[in-house]
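Number of protein chains: 2
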Amino acid sequence: MDSTPAADERTSAAIAHWAPRFVSNGIPLHDFTVTTASVHEWSQWCARWVERGRVHEELGDQALTDGHTRSAGEHLRRAALCYHFGAFLFVEHTDEMFAAHAQAVAAYNRALPHLDPPGRRIEIPYQGSHLVGVLRVPDVPAPPPVVVMVAGLDSTKEEMGAYEEHLHQRGLATLAFDGPGQGEAQRHLPMRPDFEVPVGAVVDHLATLPEVAQRVGIYGVSLGGHYVVRATAFEPRIAACASISGSYRVADNWEGRPPMTRAAYRVRAHLASDEATARFVERLDLSGVAGRATAPLYVVAGTADRLTPHTAGIRIADEAAGPTVLDVVEGGNHVVNNMPYRYRPQVADWMNHRLRS
Amino acid sequence: MDSTPAADERTSAAIAHWAPRFVSNGIPLHDFTVTTASVHEWSQWCARWVERGRVHEELGDQALTDGHTRSAGEHLRRAALCYHFGAFLFVEHTDEMFAAHAQAVAAYNRALPHLDPPGRRIEIPYQGSHLVGVLRVPDVPAPPPVVVMVAGLDSTKEEMGAYEEHLHQRGLATLAFDGPGQGEAQRHLPMRPDFEVPVGAVVDHLATLPEVAQRVGIYGVSLGGHYVVRATAFEPRIAACASISGSYRVADNWEGRPPMTRAAYRVRAHLASDEATARFVERLDLSGVAGRATAPLYVVAGTADRLTPHTAGIRIADEAAGPTVLDVVEGGNHVVNNMPYRYRPQVADWMNHRLRS
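Sequences listed follow chains A and B, in order. Each residue of the first sequence is one higher than the last, beginning at 1 in this note's numbering. Each residue of the second sequence is one higher than the last, beginning at 1 in this note's numbering.
Think of the hints as simulated: they come from the structure by calculation, not from any bench. Keep in mind that the hints are not guaranteed to be accurate.
Claimed, not checked - Here are the simulated distance ranges between beta carbons:
1) B:291 to A:15: 12 to 22 Å
2) B:169 to A:17: 31 to 41 Å
3) A:38 to B:12: 39 to 49 Å
4) B:210 to A:38: 11 to 21 Å
5) A:190 to B:12: 19 to 29 Å
6) A:138 to B:13: 54 to 64 Å
7) B:190 to A:138: 41 to 51 Å
8) B:38 to A:263: 33 to 43 Å
Keep in mind it's a predicted model, so treat the numbers as computed, not measured. All residues carry an ideal CB built from backbone N, CA and C; glycine is no exception.
All chains, please: the whole structure from these sequences, using the hints.
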């Protein structure tokens with residue numbers, strides 16, 4: 001007799017769709033399995049992931065006590081990921097979401113000095129306020145080129161490590177940051193379609209950092225894959241751009257998106273109604289924009305992407321004005337997180353080549 | 001309507017039990033899922049994993065063509081793992097098993113120069129023949145201590161990378177080798193309970209290698225976790241020993257083991273019958289042996305281990321004569337591969353400390 005209650009529809013959908021992303025980005029498979037199995041209704045989601053994060057944070061505390069700093073960095077980063085995934089789409093319970101997000105930031109900050117390469121939290125001046133980023137510079141003889149990492153609707157700088165590691169291995173630095181509507185900026189700065197503005201502030205700030213070369217790439221996933229094309233079109237200092245599963249026009253399949261996704265747009269754009277949100281996303285549109293991107297571009301799209309049709313990637317690549325690589329992965333899901341080996345090393349090799357030539 | 005035929009019992013058991021090991025040791029979750037879903041009866045197992053390995057080997061070929069050697073190493077290592085898991089328990093079809101194993105060895109050999117740290121294939125003189133090992137030495141100023149990596153009944157040196165990486169990150173070298181009954185030795189050298197003999201040959205050979213220090217640890221998983229305790233008891237040059245999910249007496253729960261496991265003992269011990277195999281495994285017994293191990297010992301055991309009861313680890317730790325750490329992981333499965341974060345960094349920290357003090 002199985003007395004486990006069945007999970008509700010949203011939770012079942014989560015379990016079915018999110019495993020590849022969670023696992024490819026650093027959640028151990030067992031943790032994904034047992035944590036999602038303990039969630040019987042969506043309202044429990046965040047608390048369960050916070051509990052799971054505590055397990056890893058305690059391992060990190062123990063490692064610090066024992067003087068094992070490398071292990072501590074590893075455990076604390078995993079703790080941050082658990083807290084992050086507790087928060088990432090918990091937009092209907094904002095107090096709980098913000099609390100879990102704050103734990104993700106705190107755990108990641110604790111991890112940073114112990115990561116390889118270490119991370120440094122930096123504040124980027126932005127319109128009288130600031131954006132927060134994490135700079136990681138590998139131990140190489142000369143200041144290396146740097147890649148700006150752009151998260152999406154429900155990811156944050158704390159989730160970017162699994163993409164970054166391929167860049168670090170090739171001697172590139174990374175700067176992951178939370179833009180308007182993302183992570184640490186989400187409460188005071190709403191999403192904005194003209195993402196070249198925050199990216200411009202980031203590139204301005206990079207020019208003041210002696211530890212990196214003035215040779216800047218950009219790498220965005222999901223909605224970040226949309227933002228980076230826009231930023232590249234309007235920010236001439238971007239020397240190479242990787243766009244992974246970015247929409248061409250977010251509004252095109254708006255009603256077909258999961259309700260949680262639409263709610264996340266509403267909350268992170270600081271809007272009051274679904275109608276206002278539907279109008280807002282009309283502005284997330286690369287029509288007339290993609291063609292202005294002249295820097296080298298690498299576009300990745302998955303044919304099994306249920307959030308962004310792979311035809312969006314084809315359209316971006318078709319219209320881009322510079323040298324473009326289009327990689328449509330047969331069977332790839334959103335951000336092709338089911339087959340990271342199909343693009344993460346390849347994009348890193350391409351970015352490395354482009355930023356050094 | 002779902003027209004997918006149900007997998008047979010052995011295949012279903014595989015899917016249920018092996019995911020944590022495969023994924024924790026380097027098989028992408030998606031590859032595990034789609035490959036096992038394509039296996040409807042056990043006889044297809046090996047061929048499906050070989051097909052999956054080809055996917056990664058082709059990615060490796062492409063990377064080599066493009067001059068992206070780091071990516072090539074990553075892809076070719078994944079190819080080797082797929083071939084290896086095709087072969088690992090396919091003992092009822094030895095021709096196919098040996099062919100897949102040969103592909104695993106070949107792909108791993110192709111990967112070795114491109115891994116970080118690179119690997120070097122070495123031949124270890126052994127009783128008029130030789131054993132094959134892979135030496136990996138991180139880029140550190142002075143020759144580092146070295147850890148001998150010991151696989152189990154159905155693992156080989158090609159599967160040890162996921163354990164090794166934690167040691168490399170801490171500046172330790174590793175030498176993974178195929179002992180009698182394992183990997184490249186399985187056809188011409190049967191399993192032998194007195195595993196201190198091959199380990200002695202390995203330690204003799206290490207003394208001739210200038211790139212490592214004469215400070216040797218040993219690290220074994222599953223049956224390897226049994227072998228290393230025996231080797232430490234009789235080989236005084238072993239300075240520290242990590243034993244993960246090793247049996248105390250293999251015969252104790254012999255009839256309760258999966259039929260494939262028992263068949264693997266028969267084939268790899270070069271025996272003709274189940275009766276002879278049952279007699280042979282009586283000799284895999286640490287009674288009177290564990291107490292002779294005086295080097296520092298770290299024992300890991302999982303309470304949810306369905307192959308080796310965690311009480312075996314408790315018994316080994318109780319009897320060992322040197323300073324011992326016993327880590328019984330609540331809910332840990334065999335080799336605690338469901339929660340690698342519970343022991344892999346911790347064992348690496350401990351080994352590093354022990355080999356440098």
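These are the hints, each one checked on the structure:
1. Taken as a hint, the range 12 to 22 Å is violated for the pair residue 291 (chain B) and residue 15 (chain A), whose Cβ atoms sit roughly 48 Å apart.
2. The given range of 31 to 41 Å is respected by residue 169 (chain B) and residue 17 (chain A), whose C-beta atoms sit roughly 33 Å from each other.
3. The beta-carbon spacing between residue 38 (chain A) and residue 12 (chain B), approximately 24 Å, falls outside the hinted interval of 39 to 49 Å.
4. For the pair residue 210 (chain B) and residue 38 (chain A), the beta carbons lie near 53 Å from each other, so the given range of 11 to 21 Å is not met.
5. Here the CB-CB span from residue 190 (chain A) to residue 12 (chain B) is close to 50 Å, at odds with the stated 19 to 29 Å.
6. Checked against the given bound of 54 to 64 Å, the beta carbons of residue 138 (chain A) and residue 13 (chain B), roughly 44 Å apart, lie outside it.
7. Remark: the range hint 41 to 51 Å for residue 190 (chain B) to residue 138 (chain A) is upheld by a beta-carbon distance near 47 Å.
8. Between residue 38 (chain B) and residue 263 (chain A) the Cβ separation comes to about 37 Å, which falls inside the hinted range of 33 to 43 Å.
In the structure shown, a violation is registered for the earlier hints numbered 1, 3, 4, 5 and 6, in ascending order.
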